[in-house]
Each structure stands twice: as structure tokens, then as C-alpha cells.
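Top line first, the protein sequences correspond to chains Z and V.
In terms of the numbering used here, the first sequence opens at residue 1 and continues consecutively.
In terms of the numbering used here, the second sequence opens at residue 1 and continues consecutively.
Hints listed in this document are in silico derivations from the structure and should not be mistaken for laboratory results.
Any given hint could turn out to be false.
One copy or two, it doesn't matter: identical chains are merged, so the pair holds either way.
Below, in silico cross-link-like pairs of lysine to aspartate or glutamate (EDC-like), each with a Cα-Cα straight-line distance of 20 Å or less [claimed, not checked]:
hint, residue 1, residue 2
1, K31, D277
2, K130, D277
3, K25, E63
4, K31, E257
5, K264, D87
Now for the letters of each chain:
There are 2 protein chains.
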Amino acid sequence: MRGESAGESVVTIACCQIEPTIGEKEENVEKTLRFAGEAARSGADVILLPELANTGYMFDTREEAFRLAEVVPGGETTKKWEDFAQDQGVYLAAGIAEREAYQLYNSSVLIGPEGYIGSYRKLHLWNREKLFFEPGDLGLQVFHTPIGRMGMIICYDMWFPELIRIQALQGADLILNVTNWVAGSQEERDSRVTEAVCVAQAHLSSVFMAAADRIGIERGQPFLGRSMIVSPTGEVIAGPASFDNEEVITAECNLLEARAQKRKTRLNHAFHDRRIDVYDVLLGYDEEYRPLF
Amino acid sequence: MRGESAGESVVTIACCQIEPTIGEKEENVEKTLRFAGEAARSGADVILLPELANTGYMFDTREEAFRLAEVVPGGETTKKWEDFAQDQGVYLAAGIAEREAYQLYNSSVLIGPEGYIGSYRKLHLWNREKLFFEPGDLGLQVFHTPIGRMGMIICYDMWFPELIRIQALQGADLILNVTNWVAGSQEERDSRVTEAVCVAQAHLSSVFMAAADRIGIERGQPFLGRSMIVSPTGEVIAGPASFDNEEVITAECNLLEARAQKRKTRLNHAFHDRRIDVYDVLLGYDEEYRPLF
């Protein structure tokens with residue numbers, strides 16, 4: 001439910017926590033449209049789906065991943081999502097296996113009522129993803145839309161503080177995190193730490209963070225669920241969702257808060273206080289640390 | 001209680017959560033020695049005290065701060081702490097108002113059984129600190145000691161993900177956070193977010209983080225207390241301490257875990273996975289984001 005008044009740009013964000021089935025693309029896309037449709041009908045303006053929402057996650061072989069991947073934009077999944085976003089007048093962020101010639105990318109597309117806006121190719125690949133996908137080669141981009149500026153990350157990217165920071169510095173009000181958080185042997189601990197990372201990243205850079213995760217156990221791999229939306233002050237304003245149910249969580253967000261909250265006191269601003277004069281080592285220019293690990 | 005065996009470097013870390021009294025330097029130093037002594041007697045190897053532990057925090061005037069500040073090393077407080085560390089055979093990290101000619105710094109000293117090791121001048125100053133102190137001009141340094149590598153931060157520094165990241169990249173196993181976390185109007189929320197930031201920073205860069213906070217209300221300003229020690233996997237292994245009691249919290253830490261935990265899977269390493277090819281904007285080289293805030 002969109003609302004505007006002085007200093008406000010209120011949008012409803014929805015995260016669709018679903019369980020795709022590996023390889024069943026038609027069925028998966030059908031499910032994304034069903035859940036996203038439910039979210040749109042209850043007033044969502046921005047709708048997130050999980051990582052690799054149309055294909056599933058646990059590919060057995062490179063060939064299987066290749067066969068399921070699509071050109072972006074132009075592929076059949078993107079087309080269906082474009083039709084949906086246009087029909088419903090919403091913004092949709094969703095994970096997709098992308099193919100360009102013989103290269104595969106773990107990507108996320110952003111689509112609005114006006115059509116395809118852009119995509120992001122995952123920069124930091126987790127574990128076996130490295131066997132199938134190329135590391136992202138499009139860098140980071142913040143997409144300007146009529147309702148605010150949106151950055152995109154995928155799952156393991158969230159463990160790199162650099163990434164959220166960069167998108168915030170580039171002006172993002174909202175980080176769209178399409179994810180497949182894998183659960184390890186200590187699911188409770190993983191969930192606690194994942195929530196802390198979500199909260200901290202949103203708070204440190206004063207941005208909204210919406211994370212749509214998947215659920216289920218796929219080829220032996222369980223996922224964390226617990227999709228959530230966090231405010232720029234670090235409050236969990238929707239979720240964490242369940243561990244094991246398909247569900248939609250929503251929050252009304254005044255996206256302009258992401259900008260206003262960067263001013264901490266009369267004397268402090270989250271970005272103006274940065275000491276870029278001492279941050280060089282972040283780019284690895286200081287070779288001295290290399291032998292340490 | 002120090003222990004060593006293959007792949008282990010176990011040390012006991014203690015955070016002394018105390019309440020200094022503004023301006024009462026002699027009494028404050030006395031108190032730091034009393035609490036640190038208690039920690040040492042119960043087996044601590046590394047002992048932390050809060051920010052500005054010898055002077056208190058809420059200076060009224062620049063002149064008051066100037067009068068209380070000392071040369072580092074060489075001032076009377078540092079000397080007493082040096083004697084203590086040598087007598088007890090421990091490492092001590094503590095906050096101190098530092099004076100160099102007419103310039104003041106909000107500093108933290110690291111002292112070991114072998115004497116004064118080094119100091120850190122707070123890089124990111126919070127609120128009214130900007131009226132009294134100069135921003136730190138010594139950059140960031142990781143101190144190598146017989147028991148491990150230690151980095152230092154002070155309070156508001158923790159809200160800059162760059163800082164913990166840099167010290168971890170420079171090889172820190174343990175971040176010594178001497179702090180005076182101020183409580184705002186929403187103390188419960190502040191505590192939750194502060195814990196999440198502590199947990200996330202330790203976890204994201206796979207380092208131990210020990211934070212010794214102060215308590216009490218000084219000239220109208222309440223502090224958060226809730227000192228804590230967090231492991232490289234993001235577990236709170238000591239604390240959070242109380243909001244309002246002077247107390248010592250301790251944890252046994254195998255500092256080498258900070259190095260081992262950076263390897264996440266056979267295919268993933270927290271630092272080797274970094275994409276420094278896309279991190280330029282962190283140094284502000286990309287001028288495009290400037291007008292955004």
C-alpha cells in the first residue's frame with residue numbers, strides 16, 4: 001500500500017518464503033506467481049522471491065544447471081515475471097539461473113511495472129556454486145526507481161560487509177536480498193548469527209534490508225527459512241519467518257528513513273564520519289597482510 | 001589460565017565493567033587496579049577496562065578534559081598500569097585521555113608483562129567527543145604479542161565495518177574494544193542492536209571481540225553496560241553483563257580459532273572470497289555517490 005506525504009515514501013515490502021523443487025521449472029515459476037500474487041493482492045509494492053527461485057539450488061551436475069538456466073532478460077521465466085509485475089503494478093526481485101553463451105551466473109532480476117529494470121550477478125559464490133557458476137562480472141549497481149533506490153545481493157554476499165556498505169554508499173535505500181541460506185549442523189546457532197548479521201548490516205549502513213529465503217531439504221541440504229525485513233535502525237520489522245513453512249511476510253517501510261537515519265547526532269553522520277584516509281587495506285593494496293592467512 | 005597444545009593457544013580474557021567518576025582520576029585508577037587485580041587472581045591473561053577509564057567520559061569543557069589528560073606513555077596512569085601488568089604477568093587494554101602538546105586524543109593503551117606495547121587513538125569520534133578530542137592520527141595497527149595478534153577499537157568505531165575488517169585483514173585474532181556505549185532513549189533496543197553488531201562484526205571477519213563497557217549515569221548520560229566477549233563463529237561466550245552492576249566477565253579463548261574459522265568450506269575462505277576488484281567505492285574514489293547524502 002503506497003503512501004506519500006512530506007518526508008515519507010511508504011511502501012509495503014513482501015518476502016515470499018517458498019520451497020522450489022529442483023529441476024521443476026514450470027511448477028516453480030507457477031508457485032512464485034501464486035505467492036507473489038497473494039502478496040500483491042494484500043497490498044505489496046515490492047515483492048521478493050528466494051535465490052534460484054525457478055530452478056532450485058542443489059544441482060547435481062554442471063549440465064543440469066546449464067539445461068535449466070536462461071537468458072536474462074528474454075528467457076521464459078523473466079517474461080512471465082515481467083507480465084506479472086506489469087499486470088499487478090509491483091516491483092519484483094527474484095533469483096534465477098542465468099545463461100550467457102556457455103557461462104552460468106547465479107543472478108537476481110529486478111522487474112517493475114515498467115518492465116525489466118536490471119539484474120545482479122552474485123559476486124561471492126558459496127561452496128558448490130563455484131562448480132557451476134562464474135563469479136559475477138557486473139559489479140554492483142543501485143537501481144533508481146520511482147519509489148526509491150534499490151541494491152541487490154544474494155545470500156553469502158551478506159557475509160561481506162563491503163557489499164552492503166558499497167550499495168549504501170551508492171545511495172541504496174533498500175537492499176533486496178534473495179537468498180538460500182543453507183543450514184549447517186547447528187541450525188539454531190546459524191539462525192541466531194544470520195539474524196544478527198542482517199540486523200547489523202542494515203543498522204551499520206542505515207538501509208532497509210529485505211531477505212526472502214527458501215525452506216525445505218533439497219538433496220540432503222536443509223535451508224534456514226526465517227525470512228526477515230530489517231529497518232535502518234536495526235529493528236526486525238517483519239519475521240523472522242518460520243523455519244519450515246511457505247509463507248509471506250510484509251512490512252510497511254518509509255524508505256526515506258534510510259536517508260534520514262544516517263544523521264546520528266548534530267555532530268555525527270554514518271557516512272561523513274568514515275575515515276577513508278585509513279581504509280586502503282580494504283582493497284588489498286597493503287600486501288603485508290597476505291602471508292598472514 | 002594460559003594453555004598450549006597443538007593448534008591451541010588458550011587464554012582467559014576478562015572484561016572489567018566498572019563505573020568511573022568524572023574527574024576523580026586517582027580514585028578511578030585505584031578502581032581499575034582493584035578490578036583488574038580481581039581478574040588476574042582468577043586467572044585472566046588479557047584484561048580490558050572501559051574507554052576513558054581513568055577520567056570519566058562527560059567532560060564539561062575542553063579545559064577540564066585537557067587538565068585530566070596525560071602523556072602516553074610516561075604519564076602517571078600508564079605507569080601504574082605498567083607496574084600492574086608486569087607484577088601480574090598479564091596484558092591490559094584500557095582507555096585513557098591522551099595529551100600531546102595541546103592536542104587531546106581519546107586513546108587506548110596496550111600494556112603487557114614486558115611493559116608498554118602501543119596505543120590506539122580513536123578514529124571515529126562520537127558526538128561531544130568532537131568538541132574536546134582530535135580524530136585519531138595513528139591509523140590502525142595490529143600488535144603482535146607472544147599469545148596472539150591484537151587489534152584495538154574504541155566504542156563508536158565498532159559502527160564502521162571497515163575498521164574490524166581492516167584489523168582482521170591485518171591479522172588480528174582478538175579485537176580489544178574499550179568502550180563507553182551510551183544509552184539513548186530506547187535502552188532495550190540499543191542493547192539488542194549493540195549485541196547484534198558485536199556478534200556480526202566478530203563473525204563476519206572471524207575474530208574474537210572483547211568489549212569492556214562502563215555503567216552508571218554521568219552528568220545525565222546513562223551507559224549501556226552489557227560488556228561481552230564474542231567468538232569468531234559469532235557466539236556470545238561471556239556476558240552480556242548487566243546494565244548496572246560493576247562486574248568482571250571472563251571467557252577462555254583459543255585464539256587460533258580466529259585463523260582456523262576463516263576457512264568456511266573446502267571452497268570458501270572469508271578473505272580469499274573477497275572481491276577487491278569491486279570494492280573501490282569504499283575509499284570514495286567513486287565521486288558519484290557524494291551528492292546522494
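Against the structure, the hints:
Within a single copy, K31 and D277 get their C-alpha atoms no closer than 49 Å, and across copies no closer than 37 Å, so neither meets the 20 Å cut-off. Taking CA atoms no more than 20 Å apart as the test, K130 paired with D277 passes between copies only; the shortest distance there is 18 Å, against 35 Å inside one copy. Only within a single protomer do K25 and E63 lie at most 20 Å apart by alpha-carbon distance; the minimum there is 15 Å, versus 71 Å between protomers. Neither within a single protomer nor between protomers do K31 and E257 lie at most 20 Å apart by alpha-carbon distance, with minima of 33 Å and 43 Å respectively.
In this assembly of identical chains, K264 and D87 lie within 20 Å of each other by CA distance neither inside one copy nor across copies; the values are 41 Å within and 43 Å between.
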